[in-house]
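Protein sequence lines, in the order shown, are assigned to chains A and B.
Those letters in the first sequence? Residues 1 to 176, per our numbering, in order.
Those letters in the second sequence? Residues 177 to 248, per our numbering, in order.
FYI, nobody ran anything at the bench for these hints, they're computed from the structure.
As the structure is a prediction and not an experimental result, all values here were calculated from the model.
Quick reminder that beta carbons are idealized off the backbone N, C-alpha and C, glycines included.
Don't take every hint at face value.
What the hints assert, rightly or not - Listed next, with one range per pair, are the computed distances between beta-carbon atoms:
id	chain 1	residue 1	chain 2	residue 2	range
1	A	S121	B	N198	14 to 20 angstroms
2	B	R216	A	D72	18 to 24 angstroms
3	B	V199	A	V33	23 to 29 angstroms
4	B	I191	A	S175	55 to 61 angstroms
5	A	V173	B	T211	49 to 55 angstroms
6	A	E99	B	G195	25 to 31 angstroms
7	A	K7	B	R216	50 to 56 angstroms
8	B	D217	A	K7	52 to 58 angstroms
9	B	R213	A	V112	25 to 31 angstroms
10	B	L192	A	G151	28 to 34 angstroms
11	B	L207	A	P75	21 to 27 angstroms
12	B	R204	A	S175	38 to 44 angstroms
Unchecked claim - Only part of the chain A face toward chain B is listed, based on derived beta-carbon distances under 8 angstroms:
id	residue
13	A64
14	C67
15	V125
16	S131
17	S132
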Amino acid sequence: MNMSLVKKSLVASALVLGICGLTALAGGKGIKVGDDFPDLGTFSLEGKLPDDLKGKVILVDFWASWCGPCKDSFPVMEELQKTYGEKGLVVLAVNLDEEKSAMDDFLKKNKVNFTVVRDASKKLVSAVNISSMPSSFIIGPDGKVAAIHKGFHGKETGKQYAKEIGDLLSKRVASK
Amino acid sequence: MKDRILLAAALGCLILGSGCANVKPWERNTLADYTMRPDRDPLTISLCEHMWFSREAASGGRGVGGGGCGCN
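Could you build all of it, start to finish, from the sequences and the hints given here?
Below you can see the structure in the form of structure tokens.
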């Protein structure tokens, strides 16, 4: 057998594996605390976004109906919206179910007053590239990510949400 | 012969490499299903454990206490 053929095969294998590795590494890049959160209006999300998000503190939560901790987080987010909504908090839940009917069934059983939209194309979630379900981002009035939460750990996460959101809202009032 | 082994190894790497899939967290709907849980049926698990222990003398080899020595 021709040696060059073997060498070529080895080089081709190394290239393919290298490209696979680089793709995986590139896929692992997400946004960090301090980064600008992507403009929500540019992702063709299903559902109506609140009219004026500028200058507000926003809790963006990525969830799906099949995810247990996501369900646990709903009463906490509802309470946050109730407590801090008038002070300038917007809770925005972004659904990632493959079927819209799954989201609708879930929302029938778990009625909420905060905004729920659906990222059917998965463009937004791909842009922020979350690593676990649920994942949430607390965005300050300046549009920058102030905190990132991976998963939902009951009261502990609820307390952290309240503290971080309270701090951001106090700074927002102080800067006015 | 050595070339053939190298070529086979390269092909093997390609085939195995192409089998790697990166499942995103939001794509785990089916994996999160209740039927995918190994502990979904406690009765079946206990019967399987009993048969396994009787056959292999390896109680506790399923991630619980015991070292599989059959001492208990």
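Could you tell me whether the CB distance from R216/B to D72/A stays inside 18 to 24 angstroms?
Holds, since R216/B and D72/A (Cβ atoms, about 20 angstroms apart) stay within the stated range.
Should the hint that K7/A and R216/B are 50 to 56 angstroms apart at their CB atoms be regarded as holding?
Check passed, 51 angstroms falls within 50 to 56 angstroms.
Given the hint of 25 to 31 angstroms, is the C-beta distance from R213/B to V112/A inside that range or not?
28 angstroms, holds
Verdict for I191/B, S175/A (Cβ pair) under range 55 to 61 angstroms
Roughly 59 angstroms apart at Cβ, these two residues keep to the hinted range, so it holds.
Evaluate the given range 21 to 27 angstroms for the C-beta pair formed by L207/B and P75/A.
This hint holds: roughly 26 angstroms between Cβ atoms.
Is the hinted range of 28 to 34 angstroms satisfied by the C-beta distance from L192/B to G151/A?
Roughly 31 angstroms apart at Cβ, these two residues keep to the hinted range, so it holds.
Given S131/A as an interface hint, is its Cβ closer than 8 angstroms to any Cβ of chain B?
6 angstroms, holds
Does the beta carbon distance between V199/B and V33/A stay inside 23 to 29 angstroms, or does it fall outside?
26 angstroms, holds
Agreement of hint A64/A with chain B interface, Cβ distance less than 8 angstroms:
6 angstroms, holds
Is 52 to 58 angstroms right for how far apart the beta carbons of D217/B and K7/A are?
Hint holds: Cβ distance 54 angstroms, inside 52 to 58 angstroms.
Hint validity - C67/A Cβ closer than 8 angstroms to any chain B Cβ:
7 angstroms, holds
E99/A versus G195/B beta-carbon gap, inside 25 to 31 angstroms or not:
28 angstroms, holds
In summary, this structure violates none of the numbered hints.
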